[in-house]
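S.K.: Assemble chain R onto chain V, guided by the hints.
Residue numbers (the numbering used here), protein chains in the order written: chain V, 717 to 1055; chain R, 717 to 1055.
The hints are simulated quantities; they were obtained by calculation from the structure and are not laboratory data.
Take the hints with a grain of salt, since some may be wrong.
Because identical chains cannot be distinguished in the list, a pair is counted as satisfied if it fits within a single copy or across any two copies.
Stated by the list, open to error - Taking lysine-lysine and the DSSO-like style, the derived pairs with C-alpha atoms no more than 27 Å apart in a straight line are:
| id | residue 1 | residue 2 |
| --- | --- | --- |
| 1 | LYS765 | LYS1019 |
| 2 | LYS747 | LYS1041 |
| 3 | LYS722 | LYS812 |
| 4 | LYS908 | LYS892 |
| 5 | LYS964 | LYS738 |
| 6 | LYS892 | LYS856 |
| 7 | LYS1019 | LYS747 |
| 8 | LYS855 | LYS953 |
| 9 | LYS856 | LYS1019 |
| 10 | LYS812 | LYS738 |
| 11 | LYS892 | LYS964 |
| 12 | LYS964 | LYS953 |
| 13 | LYS953 | LYS908 |
There are 2 protein chains.
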Amino acid sequence: MPELRKDPVTGRWVIIATDRAKRPTDFVRDKVQIRGSGFCPFCSGNESKTPPEILAYRSNGDRNGPGWTVRVVPNKFPALGIEGNLNREGEGLYDKMNGIGAHEVIIETPDHMMTLATLPVERIEQALWAFRDRIVDLKKDRRFKYILIFKNHGEAAGASLEHTHSQLIALPVVPKRVLEEVDGAREYYNFKERCIFCDIIRQEMESATRVITENEAFVVLAPFAPRFPFELWLLPKGHQSAFEESQKHEYQQLAAIWKDILTRLDRILDHPAYNSIIHSSPLPEASNDYYHWHIEIIPKLTKVAGFEWGSGFYINPTPPEESAKFLREAAVADPASTR
Amino acid sequence: MPELRKDPVTGRWVIIATDRAKRPTDFVRDKVQIRGSGFCPFCSGNESKTPPEILAYRSNGDRNGPGWTVRVVPNKFPALGIEGNLNREGEGLYDKMNGIGAHEVIIETPDHMMTLATLPVERIEQALWAFRDRIVDLKKDRRFKYILIFKNHGEAAGASLEHTHSQLIALPVVPKRVLEEVDGAREYYNFKERCIFCDIIRQEMESATRVITENEAFVVLAPFAPRFPFELWLLPKGHQSAFEESQKHEYQQLAAIWKDILTRLDRILDHPAYNSIIHSSPLPEASNDYYHWHIEIIPKLTKVAGFEWGSGFYINPTPPEESAKFLREAAVADPASTR
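Only chain V is shown next, with the shape it has when bound in the complex (with noise of 0.2 Å):
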């Protein structure tokens, strides 16, 4: 018989069917490929097609032109404008507001044909410090609540362009599942005194049935009630509402494990399509005891999820305890290690 579960944090409930459980081989899709062909503005060399760069680390070379490893630069097709004041108005008993807002594109390599599962560890921790100052910068723009920082990997997963790059998007404000969870988060800390996130990672390192992998600083869950097959939460151990409040230390760990997260989700589904996307605090209140940032990994390979859209209620064919141990299994070099 199929089993119904609650996710702890946001209290919404999907189906887990444990009868007929997909395994990795049974999801059909598009493997992703780099094919390198035509042209690219976030290649080396390109830096004028795309607009001029907000941030970029770089060894030698000036200012948008190569020399670069990693590039931070507006989105060309941006769903935002950063220009103005907010106004927020009425119209009847409708609420809207201008869109204000920040759209970046962080490239994080000059190579088109890398990703992040094939850089360097030392090179994804670069591309993490450009998150963070990015972060930190925005911040100081008090008309921004929550900054919103996801990867689209592969077209099937919403990818325009190949090479690899994430996304950032400063809002004025914090969007629905984001405060869902945060007001979870909350109320199991008012009733508890605990953070509901350091209670859930306590109770899977002692059952260990749901955990991938982990070194020092972090560890990778299968969450209890996942919405989406091989769905993966990567969550630092210790207490952290904030994305950017990590130490130096952590964002090295974090760099590796996130590395080797990937390595094993190609291994098991053969380069899929993902979507990854990092939970931080809303910013008033962004240092909190009850919210514990994490990064989510959504691998794309079902499209039954049509009505998923609507009714918020999902239909999962992967236990995550069957998806936790083929990953578990995935030989990988070297895993999780910083080396």
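M.R.: Here is chain R on its own, set in the frame of chain V:
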């Protein structure tokens, strides 16, 4: 500049791109085409290939044989099981229960080549009666808290068989998205002592910019803050909290306007895949003053929806005023009439 809009019921903010609005022809996608090749368990004559029928409307023939116009059968691969008692239990800080529920398939026509858009109005009306009859029957089972009726049309929307059909899932819990909507509507009612959907209908009919079509009993709107391009809401004009409590003449009117709007979508978007979902009150309080049942129709036009799942944050490239205009101007013979 783009606009941020708030859904008045759930409080969800979305970004509406007003600058470079996408027109119907801008969306690249596969047209839904019925091929009719291969064996189909839903076709007349193949009744023995489905589990025994739960309900069928037939003018002639025997149970589980040909002669029916609408047929309801258990899903052969149910997401939930109907047998047993509900057992809620904990697992440390987690909550789960056994997967009790009903999962049925409503086959709206024995004719493989028809769709809801091409079926005669009186045959759609029969399908609506079947929906109602199944809800009325399942409501007697006190284990169920919500009944979800939805349709995946086309492979891109998650349909695994091309013969047109809807699905019914009876659940022992209320899905998260439904709860959000019901809670939002209840809060508005507590504040205003008016149904928020009734207020929306009133305001929309006055401004008319987002109204697409209407008849005596129903209206179809492009909602103010849609998540997806060409997202539509079909609502009863008068206050009504539960689908199954409609009057006989209302089902006739609903069948007519449903056919009308699906025909418009086929014209303007060239036979798109879509999901439609009936949003109705949760069972314990199905009759109430604050919630207003309706149907949401979401054409599957974009795949740039990966990170939306994780963040609940939507960027919609087509303002609802534009999609409403396109659909309003689609020439449909006999618009929304019941003839």
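S.K.: The structure should be examined with respect to each hint, and the outcome stated for every one.
M.R.: Each hint, compared with the structure:
1. LYS765 x LYS1019: between (34 Å within a copy, 26 Å between copies)
2. LYS747 x LYS1041: Result: close within a single copy only, 22 Å intra versus 39 Å inter.
3. LYS722 x LYS812: Classified as between; 6 Å across copies, 33 Å inside a copy.
4. LYS908 x LYS892: both (24 Å within a copy, 23 Å between copies)
5. LYS964 x LYS738: Classified as neither: same-chain Cα gap 40 Å, cross-chain 44 Å, threshold 27 Å.
6. LYS892 x LYS856: within (23 Å within a copy, 35 Å between copies)
7. LYS1019 x LYS747: both (15 Å within a copy, 16 Å between copies)
8. LYS855 x LYS953: So LYS855 and LYS953 pass the 27 Å test inside one copy only (25 Å; across, 46 Å).
9. LYS856 x LYS1019: Neither: 40 Å inside a copy, 34 Å across copies.
10. LYS812 x LYS738: For LYS812 and LYS738, only the inter-copy Cα distance (20 Å) is at most 27 Å; the intra-copy one is 43 Å.
11. LYS892 x LYS964: neither (31 Å within a copy, 38 Å between copies)
12. LYS964 x LYS953: within (15 Å within a copy, 59 Å between copies)
13. LYS953 x LYS908: within (19 Å within a copy, 46 Å between copies)
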